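Based on the hints, put chain B in the right spot on chain A.
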Amino acid sequence: MVERFRSKALELPDPEHGFDRVDLAFYDVDHSSATYEARIFIGAPRGLARDVGADHPAYAGSFFVFGHDRCYGEEGHCEVPEGRDPFDLRLPHHLEPEAEIVTVTDAVRRLAEGGKRKAPVDVLARGPDGAPVKALAFDRLRLLTYR
Amino acid sequence: MSVAAASATRAPVRLRHRRSARRLSKGQLAHLRQAISKAQRIGDDRGYQYWAGVHGLPLPVYCQHGSQLFLPWHRAYLYLFEKALQDQVPGVTLPWWDWRDHSEALPAAYARARTPGNKANPLHSSPIQPSGRRQANEKRTWREPGDPSWLPSAAQVTQVRANRDYFTFQSQLESLHNGVHGFVGGTMASVATSAYDPIFWAHHCMIDRLWYLWQLDHPGARLPGRYLDLALPPFEMTVRETLDVTALGYDYAAGTAAVPGPRRG
Chain A
1 MVERFRSKAL ELPDPEHGFD RVDLAFYDVD HSSATYEARI FIGAPRGLAR DVGADHPAYA
61 GSFFVFGHDR CYGEEGHCEV PEGRDPFDLR LPHHLEPEAE IVTVTDAVRR LAEGGKRKAP
121 VDVLARGPDG APVKALAFDR LRLLTYR
Chain B
1 MSVAAASATR APVRLRHRRS ARRLSKGQLA HLRQAISKAQ RIGDDRGYQY WAGVHGLPLP
61 VYCQHGSQLF LPWHRAYLYL FEKALQDQVP GVTLPWWDWR DHSEALPAAY ARARTPGNKA
121 NPLHSSPIQP SGRRQANEKR TWREPGDPSW LPSAAQVTQV RANRDYFTFQ SQLESLHNGV
181 HGFVGGTMAS VATSAYDPIF WAHHCMIDRL WYLWQLDHPG ARLPGRYLDL ALPPFEMTVR
241 ETLDVTALGY DYAAGTAAVP GPRRG
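Protein sequences appear in the order of chains A and B.
Under the numbering used here, think of the first position of the first sequence as 1, with each following residue one higher.
Under the numbering used here, think of the first position of the second sequence as 1, with each following residue one higher.
Okay, chain B solo, but in the shape it has when bound:
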């Protein structure tokens, strides 16, 4: 089976677009903040804390790192988290953080503690549930941006995307991904806690986007059948079910703008 099933030319009617975090319109950013805030107020398995906890703490550690399932597992993870957000705010999508642009450490939407309306910015930090903390006093996420050389450059990303072998591509992309976790620092620098930081989701959207672009670059790449049938616990999905993002209802756009058309009479 081809790993490059993604195609922008056969978009389903209700395809949704993940956009650059730097190009969100005011309305799109407001929807994202609203969705995260609403999910933060839910204490059960629909809520933010549940989904953040799936990655690391509380145990078990479900995330796949340094394994052959890194890309598909995180694609499933983002997909299901985004679905949980869409249950709160229909149509909302996760944005991607293009960290190749080193001109600002973090996208402004995530970097500022307060919104323009002087409310707490839910993209800046998050509470951490007691069972998700490394230490009892780590009640909220925190960042400590470090050396920008830990952020991948455009040249490094181009080199990694040129890999024709999927598993080498995945391994080298994961290493670049690791550097971004280290750059953000604080909560993001540990597998155990990283998913509690709201920037985690934008970082992983960029990783997922690069996989999507690699799929478009390498339409003939094939994967072993045994691999495609592997499950991605705790998600009820297999690797095969993660390959086509349009089948999952989304693709990646830089930005979008829409206006109403004439209604059918």
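Pulled out of the complex, with its shape left as it was, chain A reads as follows:
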């Protein structure tokens, strides 16, 4: 787990094609440890300050993760099983990774209309006290454009 992440540049929608809404979807987000806010910046320069906030021009939104703190069971209790049996009707494991969908239309529109065709995404994880937390982990992110 990390406290910050910078993606490869994502292709932005072409404003000539038009769009009404843009979402940034984070897949398989871990929620097994701390509670934190993931602040999202699109098209920011490298080396964002640790305490950068919503007033930064590249700020696009945030999502919040409600953490389980740590494992309170015995060894193996918090290991999410892989390869779920389709005949297993039990509810998913309580630490099954989650998806987070953040609507980032305004931020993407600003970049796209300013001529940007690609931009990286920075994600910074901060705890309730504002301090960076090493709790950020996800498998993939995807920019979804709708019209």
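None of these hints come from the bench; they were simulated from the model.
Predicted model, so just to flag it, every value in this text is computed and none were measured.
Even glycine gets a Cβ: it sits at the ideal position worked out from N, Cα and C.
Don't take each hint at face value.
Claimed, not checked - Which stretches of chain B does chain A cover? Using the computed rule of at least three CB atoms under 8 Å from a CB of chain A, they are:
# : segment
1 : 32–45
2 : 141–153
3 : 175–181
4 : 184–190
Then chain B, alone, in the frame of chain A:
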């Protein structure tokens, strides 16, 4: 099946109203405190500690977070907890905390350690049973309110309510909900212990209310049949049974006031 079965126009006779925590009358607040206090004194599965423990500790963790069952599971949870309180004080309902109002960190009814009568306020903190503690010395709930930017704004809530897709709405509403847990901090900031804090129930009533309002906003929204038939353990309810709050006997009002009428002779 429509997910928007809620309707204020066909209220059953005994419908009860969940009210804003900031608009409770003295009598309504007294009833709520009395119900929580009585439930705290019961050590079996009718009591406060049992119900708080269903969410996280002691294991198993039953609550549904980051899952497609977040909204229906918590609606069932609130419903059954409220029923347990009504067994102690008939007619009492859970209030909702509108955290879009950032003018005060927490509603006064929950923020003050003592009541106006100088008794311990059961809405301010709660004991935590030994099997519900993260550490042995965490005997009571505690709060550490943080950055108000973690509280959802009215604009964020409006944006989330505008989602037409139920699952996207649920996911984005859950993220706002997560921020409130983090804002309150302390016991509330962990899935394992949050339900022991009495403010938990008012927070989740707000979430449930926003789902109710979304249902009214989107009467044509539909859900897959397979989803509607999912069970919500440990509760003996399915998703389908949580959709209509009036069938569960409640709705959401800002506040209520009543006076007696002429009795039938």
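* **List of violated hint numbers, smallest to largest** => 1
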